[in-house]
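Colleague: Sequence order for the protein chains is X and F. Residue 66 in this note's numbering is what sits at position 66 of the first sequence, and the numbering runs on without skipping anything. Residue 259 in this note's numbering is what sits at position 112 of the second sequence, and the numbering runs on without skipping anything.
Source of the hints: derived by calculation from the structure; they are not laboratory data. Some hints could be false.
Taking lysine-lysine pairs in the BS3-like style, the calculated list, with each CA pair at most 27 angstroms apart, reads [claimed, not checked]:
1) 29(X) - 6(X)
2) 91(X) - 51(X)
3) 157(F) - 169(F)
4) 6(X) - 488(F)
5) 311(F) - 488(F)
6) 6(X) - 169(F)
Interface residues of chain X toward chain F, partial, derived using beta-carbon atoms under 7 angstroms [stated by the list, open to error]:
7) 17
8) 18
9) 19
10) 22
11) 26
12) 30
13) 32
14) 107
15) 144
Owing to the predicted nature of the structure, the values given are computational and were not obtained by experimental measurement. Built from N, CA and C at the ideal position, the CB exists for glycine as well.
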Amino acid sequence: MTTYFKNIIVGLWTVLVGMRVTLKYLISKPVTVQYPDERCDLPERFRGMVKGDPDKCITCMYCVNVCPVSCIALDGVKSDLPKKVVNLEGKEIKKLKDVTKFDIDISRCIQCGFCVENCPTGAIYLSHDYENSTCSREDLVYHWAKK
Amino acid sequence: MQELIIWIQKFVIETTGWGFLKTLPIELWYILFMFVFGGVVLGVVMFFAGVASYAERKVAGHIQSRMGPMRVGPHGLLQFMADGIKLVMKEDLIPAKADRFLFKAAPYVLFAGTLALFAAIPYNQLFGKPLAITNLNIGLLYVLAMSGFVVVSILMAGWASSNKWSLLGGMRSAAQIISYEVPVAVSFLAIIMIAGTMNMFDIVSMQEGGIWNWLIFRYPPFTCFVFLVYYVAAMAEVNRTPFDIPEAESELVAGFHTEYSGMRFAFFFMSEYANMLAVSAIATVLFWGGWHSVLPFSILPEPWVVLEGMGWFAGKTLFSVFLMMWLRWTLPRYRVDQLMKLCWKVLLPIAFANVIAIGIWIALT
Chain X
1 MTTYFKNIIV GLWTVLVGMR VTLKYLISKP VTVQYPDERC DLPERFRGMV KGDPDKCITC
61 MYCVNVCPVS CIALDGVKSD LPKKVVNLEG KEIKKLKDVT KFDIDISRCI QCGFCVENCP
121 TGAIYLSHDY ENSTCSREDL VYHWAKK
Chain F
148 MQELIIWIQK FVIETTGWGF LKTLPIELWY ILFMFVFGGV VLGVVMFFAG VASYAERKVA
208 GHIQSRMGPM RVGPHGLLQF MADGIKLVMK EDLIPAKADR FLFKAAPYVL FAGTLALFAA
268 IPYNQLFGKP LAITNLNIGL LYVLAMSGFV VVSILMAGWA SSNKWSLLGG MRSAAQIISY
328 EVPVAVSFLA IIMIAGTMNM FDIVSMQEGG IWNWLIFRYP PFTCFVFLVY YVAAMAEVNR
388 TPFDIPEAES ELVAGFHTEY SGMRFAFFFM SEYANMLAVS AIATVLFWGG WHSVLPFSIL
448 PEPWVVLEGM GWFAGKTLFS VFLMMWLRWT LPRYRVDQLM KLCWKVLLPI AFANVIAIGI
508 WIALT
């Protein structure tokens with residue numbers, strides 16, 4: 001009999017406690033924003049769409065080999081006048097090839113960032129773009145090489 | 148009622164100067180005003196249902212740290228109109244194996260039963276006369292009967308859909324509403340004992356003169372318990388969360404209205420909100436002093452007292468509606484066995500104990 005009344009009182013009390021919590025949230029500011037009009041600030045290391053920069057790329061094929069889902073296709077031809085590229089450590093390296101094909105299929109990409117970690121020149125990088133919807137699957141393959 | 152009709156008849160004839168209206172039989176005036184009052188109540192209830200659906204979504208949103216509807220109109224104020232247009236324009240589907248007549252009839256029976264609830268509730272007083280569609284001397288009994296009537300249409304909908312989820316929802320709803328009718332009736336009994344009448348206007352009239360005269364504070368703490376029992380049982384009766392097992396989304400898709408679409412669904416939807424309003428209005432009338440102010444005197448001078456009463460009644464009722472929404476977004480849903488246990492093992496004994504305690508108190512004083 002004591003547990004019966006205790007249960008009722010505890011039940012009523014917990015309802016009041018819950019109502020206090022929900023009231024607190026009711027009068028506090030919502031955390032969501034009106035998306036297309038306002039946007040949240042992205043964190044610095046946000047992993048958005050992977051983008052390529054054919055000017056920096058030395059066609060070392062590290063990214064192609066390391067990609068777990070094989071979404072990068074890369075090719076180059078020997079350049080007539082070799083250029084120099086500054087790598088991430090500040091040293092200059094020779095760029096012997098011109099990039100002819102630099103395709104990233106973002107429908108396959110899992111944004112793991114392995115390619116970015118392995119790229120010696122920073123030619124492939126994770127951007128802050130996240131609105132990637134298209135009307136066809138072909139449009140999801142981005143061609144970064146210069147025509 | 149007759150006086151009111153005659154007064155209106157006289158007023159209309161005097162203002163328009165159409166003497167021939169006097170030749171019309173009084174019965175015709177009755178029928179005319181039946182439609183007028185019905186139309187007014189229908190309009191108010193449908194408008195309320197729309198606004199309440201917007202309010203519910205806003206309350207839900209803000210409790211969950213979201214914003215709720217924001218796009219249609221300023222702060223999404225016109226969202227309910229957009230929803231209404233969408234529902235009207237939707238395709239009206241009837242399952243192939245459904246019992247077509249029952250399937251079509253169920254939403255209208257439900258909505259009619261819900262609207263009928265509003266006929267007996269007094270909203271205000273005008274020169275000492277009740278401002279209600281009808282001032283029934285068995286008002287409480289009528290309210291009880293009409294709120295039990297809803298179960299018929301829910302069973303109809305559940306059965307006619309020829310769908311297992313719907314049938315289960317209808318059965319659960321029948322069990323739930325019939326069970327919770329009992330604590331509601333017993334808590335009404337306590338009110339009838341205190342008031343000595345079933346007339347809702349007289350019940351409100353005896354609560355005049357300040358907050359301490361409201362029935363909820365009349366025999367402390369017993370009437371408070373009676374109110375709690377009524378409120379919990381009433382919430383279960385109108386199938387609100389945490390008692391919404393007849394339409395539990397996670398178990399039964401949408402329960403008895405799974406197969407309904409378009410305007411028929413809208414009727415179920417509106418009658419849920421209309422039921423909320425009715426239950427809140429009854430709580431206001433029985434426990435919170437109806438249109439009487441918190442203070443023992445009225446703030447506004449004599450002819451404006453009516454407006455003040457309107458304000459108090461609307462305020463109390465809408466607060467009660469808000470309370471139901473607040474509870475909905477606070478508590479998780481009950482299981483079927485817990486629901487039955489709560490009704491028969493907790494609410495009903497407490498309600499009976501309160502009736503006995505109040506009876507002894509009344510006998511001693």
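Colleague: Now look at each hint and say whether the structure bears it out.
Modeller: These are the hints, each one checked on the structure:
no., hint, in the structure
1, 29(X) - 6(X), "violated, 36 angstroms"
2, 91(X) - 51(X), "holds, 23 angstroms"
3, 157(F) - 169(F), "holds, 8 angstroms"
4, 6(X) - 488(F), "holds, 16 angstroms"
5, 311(F) - 488(F), "holds, 25 angstroms"
6, 6(X) - 169(F), "violated, 68 angstroms"
7, 17, "violated, 9 angstroms"
8, 18, "holds, 4 angstroms"
9, 19, "holds, 5 angstroms"
10, 22, "holds, 5 angstroms"
11, 26, "holds, 5 angstroms"
12, 30, "holds, 5 angstroms"
13, 32, "holds, 5 angstroms"
14, 107, "violated, 30 angstroms"
15, 144, "violated, 37 angstroms"
Hints 1, 6, 7, 14, 15 from the earlier list are contradicted by this structure; the remaining hints agree with it.
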